[in-house]
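**Student:** Chains as they are written, first to last, in the working numbering: chain F, 1 to 410; chain W, 1 to 263.
Be careful, since some hints might not be right.
As the list claims (entries may be wrong) - Where chain F lies over chain W, by a calculated footprint (3+ residues, C-beta under 8 Å):
| id | region |
| --- | --- |
| 1 | 50-61 |
| 2 | 79-92 |
| 3 | 112-121 |
Keep in mind that the hints were calculated from the coordinates and are not lab data. Quick reminder that beta carbons are idealized off the backbone N, C-alpha and C, glycines included.
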Amino acid sequence: MKTTLLLSALLFTGYLAMAQSDNPLRVKGFVDTYHAVRLNEPNDFLASRSRFRGEIEKISGNSYFFVSLNAMHNRMVPELTDFTFREAFMEYTGEGWGFKAGRQIIIWGQADGMKITDVISPMDLSEFLAQDYDDIRMPVNAMTISRFTDFYELELLCVPLFESYRLPGEGNPWALDLTGGMDNIHIDPAVEPEATLKNMEYGGKLAFYLSGIDLELTALHTWNKMPVYRYRTGDVEEDLHIVPEHHRMGFVGLSFSKSLSAFILRGESAFYFGRKYTQSTEGMGNGLPESNSINYLLGIDWYPGNEWMVSGQFSDEWILDHTNAILNPEHSLISTFALSKKLFRSNLKLASFAYFQLNEGAFFLRNSADYALSDNIHVSTGVDWFHGDSGTFSHYKDNSQVWVKAKYSF
Amino acid sequence: MKRTIKPLTLLATILLMGGILANAQPTGREIMLKADEKPDGDTRKSVMTMELVNKRGSKRVRTMQSYALDEGRDSKSIMFFQKPADVKGTGFLTWDYNDENRDDDRWLYLPAMKKTRRISGSSAKKEYFMGSDFTYDDMGNRSVDADKHVFLREEILDGHACYVVESTPKEDDGLYSRTVGWIRKDNYIAQKVMFYDRMDKLMKELQVEELKEIDGIWTATRVTMMNHQRNHRTVISIESMEYDTPMDGSQFTVNALEKGYLN
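Same shape as in the complex, but just chain F (with noise of 0.2 Å):
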């Protein structure tokens, strides 16, 4: 009845779109498919679904309202199957002043696939890394009020309920057993904030556009989105209880965009107050060890001409007052590095991009090659891959997978 209603809806204001001549509703999106299957035995598919994309946009006058709705199939992951808004916002431009009010995704800084200060927007990790990374970002219920010139902007946000990552879950191949299969070990449910007021994320970005460079500076007050994990005794004495718990944080930080000639140099650090950290073994039976870090990121850009590009990054979060007790390492380095080439008048894009886990050596490398069929149908293909002993990446080695995707746009 829902999925009915919503297509409903959406029939009905893609008429409307059509209908109106003057200042009319202005729709697009696309339908896309995708199948991933895995390179090592058994060869079974590890993603199988198909979407559909609809977003209908007005302006009048100052106002602007935009919404975005997702259908999605997905054979593999069932529960994922679901007909829902993804955004939704409307927005007011006055003078120099607006606000925008909504589900909408925000994104903060200058790094490319790395989260130093763009913690707003959530990231959906139900198949890890390995989708398209406007896939993995999730919108926020947000409202902003920003002031505006040609060379500043200076944005108060506020995201009245928390909302966490969205974790792979059980059945999905891309799902970690924290349990290690262990009948004794058990995950308990996720400790999330109450949905009060006091609870409500809020902060500030102010950005510069000058000649040459961009700078801004953000302040947060927020909640770790990716849980942290605490462990406790059971009631029976062998049992062991995971419970995943989000806490409050918050950061100040800033970040740079340079233009060097043919090159842009980019930086980005946050300052985060009171983190807490998973608990190593040797912190077990004691509260989450708490913290100061320091996030930061170095990145270069490289347009050499004739539609190369070529990018790297590298980032550390440096635990401050580090412990035993902490899980992570005093420093977590990752570096990433990206190269592009466009051929056949820009219809043909190859591309790659990986991810290096420095303290592990793990790493997840995606190639991709990207073909404009027409105006309207890309159809692209690539393989993903694992790769590591340790570290995150190290858990996926055996999801290492060759995929095939065909996007319709209108």
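Chain F is fixed; fit chain W onto it per the hints.
**Tutor:** Just chain W now, with coordinates in the frame of chain F:
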């Protein structure tokens, strides 16, 4: 009676002769300056369609809405893509500086990523625009003094009296070794431009196919760029053009780029 020429008269005569000579044969730079400074309104609002045609005749279409504002010899522009569907909503914001030693500021907004990123203002100029035969530099305001201009001759082209000017980049870092332009004497529109590659072979040829006077300003409403080396052509048609509509610099912001419309 002995005739004498007063020094002042001599000077005036030299100046006059110089002026006549200058009028008869202006320098290449003077012609290109006039072409650069010809009236084009203080602001421009347009919808432009690009038709990309390959050697088999198959076509791809890109449509853009653009806004531009002059601020002295600098300019600001913002462009929103309407077609093809997969890039609809993509936007470019450019702050273009006349000073050849200063890189332009450019930002790209990708609606799928919901993200704006600063892109290189120098190398991007050499890139082809959206798979067309125009580079960003071909489409932008290249500084007159970025090239050395030499007047070659006068010639009648398509029934129009033209100056023929050869322009050679001062810095050897572009796609072209030189260009030769046919600049109409009556309105200083470039009727035709030949682009030569770094091996000095003919690479591309731009031809104005339709010219209209809109709001008193001569506007090339249909232009074809033929790439002889790739046997591919791009036809730009101006669907609508408005000059001197009210705009100000504070509208050309990253905020507007992300919204997809000029506030």
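**Student:** Taking the hints in turn, state whether each one holds.
**Tutor:** Here is how each hint holds up against the structure:
1. Here's how the region 50-61 of chain W fares: 4 of its residues keep a CB closer than 8 Å to some CB of chain F, so the rule of at least three is met and the hint holds.
2. Evaluation of the coverage hint for the region 79-92 of chain W: fulfilled, as 6 residues show C-beta separations to chain F shorter than 8 Å, against a requirement of three.
3. Beta-carbon proximity to chain F at under 8 Å applies to 9 residues in the region 112-121 of chain W; the threshold of 3 is reached and the given coverage holds.
Checked against the numbered hints given earlier, the structure satisfies every one of them.
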